[in-house]
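The hints should help you fit chain S onto chain P, whose structure is shown.
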Amino acid sequence: MFFWSLVLIAVGIFSSFIYGRSRINLNSKKQGTKSKSLPTYYAQYVLIWCLFPALIVYFSWAIFQEQIIQNIVISNFEYIEGAVYNEGLLLAEIRNVANNPSFADGKSIEIINAAAHYSSLRQISQISFYTSIIIIMLLGALYASQKLKPEFHAQHTIEKYIQYILIFCSSVAIFTTIGIVFSLIFESLRFFAEVSIFEFLFSTEWYPFIPIREGQTAAEGSFGAVPIFAGTFLVMVVAMCVAAPLGLLTAIYLAEYASQRVRKIVKPLLEILAGIPTIVYGFFAFVSVAPFVKAFGQSIGIDASPTSALAAGMVMGVMIIPFISSLSDDVINSVPQSLREASLGIGANKAETIKKVILPAALPGIVGAFLLAISRAIGETMIVVVAAGTAPNLTGNPFENVTTVTVQIVVALIGDQEFDNPRTLSAFALGLVLFVITLFLNIIALQIVKRYRERYE
Amino acid sequence: MNNSIAKEKIVSLRKKRSLEDMRFKYYGFTAMCLSLAVLVFLLYTIFSKGYTAFQKTIVLLEVDYNQEVLKLTPDSSDEDKEKGKFFRVKKQAIENFFPDLSKSDIKLVKKLFSINVDKEIKDYFLDNPEVINTKQQIWVTAHSDVDQLLKGNSRRDVPEDRRKLNDIQLSYVDQLVEENRVKQVFNNFFFTKADSRHPEIAGVAGSFMGSLFTLFTVFILSFPIAIGASVYLEEFAPKNRITELIEVNISNLAAVPSIVFGLLGLGVLLNVFGLPRSTPLVGGSVLALMTLPTIIIACRASLKAVPPSIKEGALAVGATKTQAVFHHVVPLALPGTLTGTIIGLAQALGETAPLIMIGMIAFIPNIPTGLTEPSAALPVQIYLWVESAERGFQEKSAAAIMVILIFLFMMNAIAVFLRNRFERKW
Chain P
1 MFFWSLVLIA
11 VGIFSSFIYG
21 RSRINLNSKK
31 QGTKSKSLPT
41 YYAQYVLIWC
51 LFPALIVYFS
61 WAIFQEQIIQ
71 NIVISNFEYI
81 EGAVYNEGLL
91 LAEIRNVANN
101 PSFADGKSIE
111 IINAAAHYSS
121 LRQISQISFY
131 TSIIIIMLLG
141 ALYASQKLKP
151 EFHAQHTIEK
161 YIQYILIFCS
171 SVAIFTTIGI
181 VFSLIFESLR
191 FFAEVSIFEF
201 LFSTEWYPFI
211 PIREGQTAAE
221 GSFGAVPIFA
231 GTFLVMVVAM
241 CVAAPLGLLT
251 AIYLAEYASQ
261 RVRKIVKPLL
271 EILAGIPTIV
281 YGFFAFVSVA
291 PFVKAFGQSI
301 GIDASPTSAL
311 AAGMVMGVMI
321 IPFISSLSDD
331 VINSVPQSLR
341 EASLGIGANK
351 AETIKKVILP
361 AALPGIVGAF
371 LLAISRAIGE
381 TMIVVVAAGT
391 APNLTGNPFE
401 NVTTVTVQIV
411 VALIGDQEFD
421 NPRTLSAFAL
431 GLVLFVITLF
441 LNIIALQIVK
451 RYRERYE
Chain S
1 MNNSIAKEKI
11 VSLRKKRSLE
21 DMRFKYYGFT
31 AMCLSLAVLV
41 FLLYTIFSKG
51 YTAFQKTIVL
61 LEVDYNQEVL
71 KLTPDSSDED
81 KEKGKFFRVK
91 KQAIENFFPD
101 LSKSDIKLVK
111 KLFSINVDKE
121 IKDYFLDNPE
131 VINTKQQIWV
141 TAHSDVDQLL
151 KGNSRRDVPE
161 DRRKLNDIQL
171 SYVDQLVEEN
181 RVKQVFNNFF
191 FTKADSRHPE
201 IAGVAGSFMG
211 SLFTLFTVFI
221 LSFPIAIGAS
231 VYLEEFAPKN
241 RITELIEVNI
251 SNLAAVPSIV
261 FGLLGLGVLL
271 NVFGLPRSTP
281 LVGGSVLALM
291 TLPTIIIACR
301 ASLKAVPPSI
311 KEGALAVGAT
321 KTQAVFHHVV
331 PLALPGTLTG
341 TIIGLAQALG
351 ETAPLIMIGM
361 IAFIPNIPTG
371 LTEPSAALPV
381 QIYLWVESAE
391 RGFQEKSAAA
401 IMVILIFLFM
411 MNAIAVFLRN
421 RFERKW
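Residue numbers (the numbering used here), protein chains in the order written: chain P, 1 to 457; chain S, 1 to 426.
Incorrect hints may have been included.
[As the list claims (entries may be wrong)] Pairs of lysine-lysine residues, derived as DSS-like cross-links and limited to a Cα-Cα distance of at most 30 Å, are as follows:
(1) 135(S) to 71(S)
(2) 85(S) to 107(P)
(3) 111(S) to 34(P)
(4) 164(S) to 350(P)
(5) 7(S) to 267(P)
(6) 450(P) to 304(S)
(7) 304(S) to 350(P)
(8) 91(S) to 355(P)
(9) 356(P) to 7(S)
(10) 264(P) to 25(S)
(11) 151(S) to 294(P)
(12) 264(P) to 311(S)
(13) 355(P) to 7(S)
(14) 160(P) to 107(S)
(15) 160(P) to 239(S)
(16) 264(P) to 450(P)
(17) 9(S) to 356(P)
(18) 15(S) to 450(P)
(19) 160(P) to 15(S)
(20) 160(P) to 304(S)
(21) 34(P) to 311(S)
(22) 311(S) to 36(P)
(23) 294(P) to 164(S)
(24) 450(P) to 239(S)
(25) 267(P) to 425(S)
(26) 119(S) to 107(P)
(27) 107(P) to 9(S)
[Unchecked claim] Over the 10 Å line for every Cβ pair with chain P, so calculated as not near, a few chain S residues:
(28) 78
(29) 104
(30) 175
(31) 253
(32) 320
(33) 389
(34) 420
Please keep in mind that the hints were generated in silico from the structure rather than gathered at the bench.
Even glycine gets a Cβ: it sits at the ideal position worked out from N, Cα and C.
Chain P with its partners taken away, still in its complex shape (with noise of 0.2 Å):
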């Protein structure tokens, strides 16, 4: 099907294109006037009235067709009295009985009936599919064709559409926006329906355990997030401390201590740092600085668990180094080179410069690097995934396994997704934390780092 509506739409490319030429020429010749625009222009006029109608009905098959035929085979579904049935196993079965009819022995007659139903709708659709895209770029290119006058300014109308196309894709950003803010308020109100938001903001408890069938025995569940969020805080701080003293002296150093072929090898070396995979951390913070934290922790005698907050914050800490880094490098850099040359010029060394004269006045910079680097160590999520754990321990020792806000939405949605279970739910309401953090620490540390550039330029 894929292949077949590439070589259609393929062709509607090529024919409607080569169509709007012929027929402009034609046209203008028949008449004995120019045309107001160059063929090209007709004849993009006429593509895309053929082609845009016919890729949005494409797309919008390509999204709604199984699930219009999956409701259609359900609906129609003769389900025998008494039996009960889980409707998402129940269509893998009757698809799987539809793609191979060898899985067909031994399955109910219901299954087989509405197997050979599934089948039957895709067929139509299928065919359903071809012709009306076939007619809709006919009907398009018919109505463009109607408008190849030569007194026709097809150029504006052009260059008015890519307009179109163009703000489009700008919106797409907006759209993007406008669909995270809806999901995640739309479900995280489904989740503070069944758990009152006060419980979720200040309780100390999380235990997620609903009861998923019913007349199971289970603890109510419980979904205090403050042991969420102090673990979160507390692997943060980790990667701080490791990161915060390693980014801003190696910045420092590259900025202005080191010649430039130093600087030269160990930029790129560092930017290889920022681009290696968060889940390749993990690893490493499982594989190699887990067991070191245990051993340490066992010599100075703590009882350290093997996964930690210790860990996890190191090895978060190395991660965001090149980004406080080059932030800080850049920030330093833009320090005007005359404060630097007075204060060397009244006897000053390079340390003192440095502390007295650059770091003050990099400071607003400085601090808004953090928070970039606090809030790209508060979304991040692989390492502490695979290195600090999931159960909710209200602590500050680092040596204990700890929890944080991205582990919790990622066990959360691991397995089964019922969306009428507030341990799903709570997902989503983490989640609205987590981008509200976030976006908060995010655009605060623009407006310093914007306010900073400003005094300097």
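Here is chain S on its own, set in the frame of chain P:
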């Protein structure tokens, strides 16, 4: 007198200050070296844990392709051969693997072989049908526990109940080593097979293809949209509040944690639009939205780098603004935009969390062939293997990391090449 004391004080103060200066410089140098040392250590860890995964252990097994046991005749059709009773041949071969095995010993010997051995025995026969009624010495895959033992990844000096192989099995393995009936060869399974529950036959081919399909989707979606958006914002957008809103939006989106994009994919693409779960189509769409800000920022930078005189020249000879931009500015900025896109793709390749959210974490034992088929992705595969309790998966995860790092390295090399080859300094 006073003068000399003061002089001495100044000298000692100066010494102290210059010492302080040296120390500060040294701190910076140490910090830099530490950061780089961690990088080296990280790469070393991955290599030292992972290089063994490129080899597998195989065992020499004598198989008797007896036609009665197989329930085949020399002139059976190909279809019948497919249905031959190869498991019985394998059972017989294992029973005779060592002389005089008791029933309980046979069970232990059986555990030295991979689950894939049935298929290997069968494939050997299908490739060489003339071996019927002969005894053949075939190299077959060993179980992961044997593999790990011989590679030195699992230790033999721990108590028996904490080992995968018990003492009898250990003695069997030693005997095999002595008789040269076991050897290590290049692990082709790692590159040709998808995920499996059994470490010895698990490979990255499935997740690699999944990642390729995902990246393809990301490229198809994000490249045109990013170019459109950056051309509009750089060249056409009027300076007003809406434009400003879009710009603020893009820079904030760039800093939204990736997992939130995963929630977007789950909440909107899967639950509202009903796109198929666990597929590269959905994964790619989510990652495209995620990398879009990065690519837009890079595209805008390269559009900005084209000198305005070029556009002005085009306008001066009567081009419309659209013509000036699309015929002159965009082609000149294209290498830069491509570089930015490849860097965005590299970022998308390593991203794990959003893919977990949209279900690409499912166990997929076959290699995907399309955008709408459930598939894994390389980083998620690494995550699954890291989390797995089975020891044999640890080297696999490190080796998969090597694959992903080489992949990333190549993408970045292409980006750098494009930049150096086509970028013009004005």
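Against the structure, the hints:
1. Simply put, residue 135(S) and residue 71(S) have alpha-carbon atoms about 16 Å apart, close enough for the 30 Å limit, and the pair holds.
2. Our distance criterion of 30 Å between C-alpha atoms is met by residue 85(S) and residue 107(P), whose separation comes to about 27 Å.
3. Taking the CA atoms of residue 111(S) and residue 34(P), the gap is about 85 Å. The hint is violated against a cut of 30 Å.
4. For the suggested pair residue 164(S) and residue 350(P), the alpha carbons sit about 61 Å apart, so the restraint of at most 30 Å is broken.
5. Between residue 7(S) and residue 267(P), the direct Cα distance comes to roughly 44 Å. Violation of the 30 Å bound is thereby established for this hinted pair.
6. Restraint check for residue 450(P) and residue 304(S): the C-alpha separation of about 20 Å stays at or below 30 Å, so the hint holds.
7. For the suggested pair residue 304(S) and residue 350(P), the alpha carbons sit about 37 Å apart, so the restraint of at most 30 Å is broken.
8. For the suggested pair residue 91(S) and residue 355(P), the alpha carbons sit about 77 Å apart, so the restraint of at most 30 Å is broken.
9. Restraint check for residue 356(P) and residue 7(S): the C-alpha separation of about 25 Å stays at or below 30 Å, so the hint holds.
10. For the given pair, residue 264(P) sits about 18 Å from residue 25(S) by alpha-carbon distance, which is consistent with the 30 Å threshold.
11. Taken as a hint, the residue 151(S) and residue 294(P) pair is honoured in the structure, with Cα atoms around 26 Å apart against an allowance of 30 Å.
12. The hinted pair formed by residue 264(P) and residue 311(S) fails the criterion: a straight-line CA distance of about 34 Å is larger than 30 Å.
13. For the suggested pair residue 355(P) and residue 7(S), the alpha carbons sit about 26 Å apart, so the restraint of at most 30 Å is met.
14. Under the criterion of a C-alpha separation no larger than 30 Å, the hint pairing residue 160(P) with residue 107(S) is inconsistent with the structure, at around 77 Å.
15. Of the pairs offered as hints, the one joining residue 160(P) and residue 239(S) holds, with about 19 Å between alpha carbons and a cut-off of 30 Å not exceeded.
16. Our distance criterion of 30 Å between C-alpha atoms is met by residue 264(P) and residue 450(P), whose separation comes to about 27 Å.
17. The straight-line distance between the Cα atoms of residue 9(S) and residue 356(P) is roughly 23 Å, inside the 30 Å bound, and the hint therefore holds.
18. Taking the CA atoms of residue 15(S) and residue 450(P), the gap is about 40 Å. The hint is violated against a cut of 30 Å.
19. With a C-alpha separation of about 72 Å, the suggested pairing of residue 160(P) with residue 15(S) is violated against the 30 Å cut-off.
20. Proximity of residue 160(P) to residue 304(S) is assessed by CA-CA distance (about 23 Å); at most 30 Å being required, the pair is judged to hold.
21. The hinted pair formed by residue 34(P) and residue 311(S) meets the criterion: a straight-line CA distance of about 28 Å does not exceed 30 Å.
22. Proposed proximity of residue 311(S) and residue 36(P) is supported: the alpha carbons are some 24 Å apart, at most 30 Å.
23. As the CA atoms of residue 294(P) and residue 164(S) are separated by approximately 24 Å, the hinted pair is consistent with the 30 Å bound.
24. Distance restraint check for residue 450(P) and residue 239(S): the Cα-Cα separation of roughly 19 Å lies within the 30 Å cut-off, and the hinted pair is therefore satisfied.
25. Annotation: proposed proximity of residue 267(P) to residue 425(S) holds, straight-line Cα distance about 22 Å (limit 30 Å).
26. A hinted pair counts as satisfied when its Cα atoms are at most 30 Å apart, and residue 119(S) with residue 107(P) qualifies at roughly 28 Å.
27. A distance of roughly 99 Å separates the Cα atoms of residue 107(P) and residue 9(S); the hinted pair therefore is violated under the 30 Å criterion.
28. Look at residue 78(S): its CB is around 18 Å from the nearest CB on chain P, clear of 10 Å, so calling it non-interface holds up.
29. Interface exclusion of residue 104(S) from chain P stands, the closest Cβ pair being 36 Å apart, more than 10 Å.
30. At roughly 33 Å, the least C-beta separation between residue 175(S) and chain P is larger than 10 Å, which holds for a residue marked as non-interface.
31. For residue 253(S), the shortest C-beta to C-beta distance to chain P comes to about 6 Å, within the 10 Å cut-off, and the non-interface label is violated.
32. Not every C-beta of chain P lies more than 10 Å from that of residue 320(S), the closest at about 6 Å, which undercuts listing it as non-interface.
33. Here residue 389(S) stays apart from chain P, with its beta-carbon at least about 12 Å from theirs, past the 10 Å limit.
34. Look at residue 420(S): its CB is around 13 Å from the nearest CB on chain P, clear of 10 Å, so calling it non-interface holds up.
Comparing the model with each numbered hint stated earlier shows that hints 3, 4, 5, 7, 8, 12, 14, 18, 19, 27, 31, 32 do not hold.
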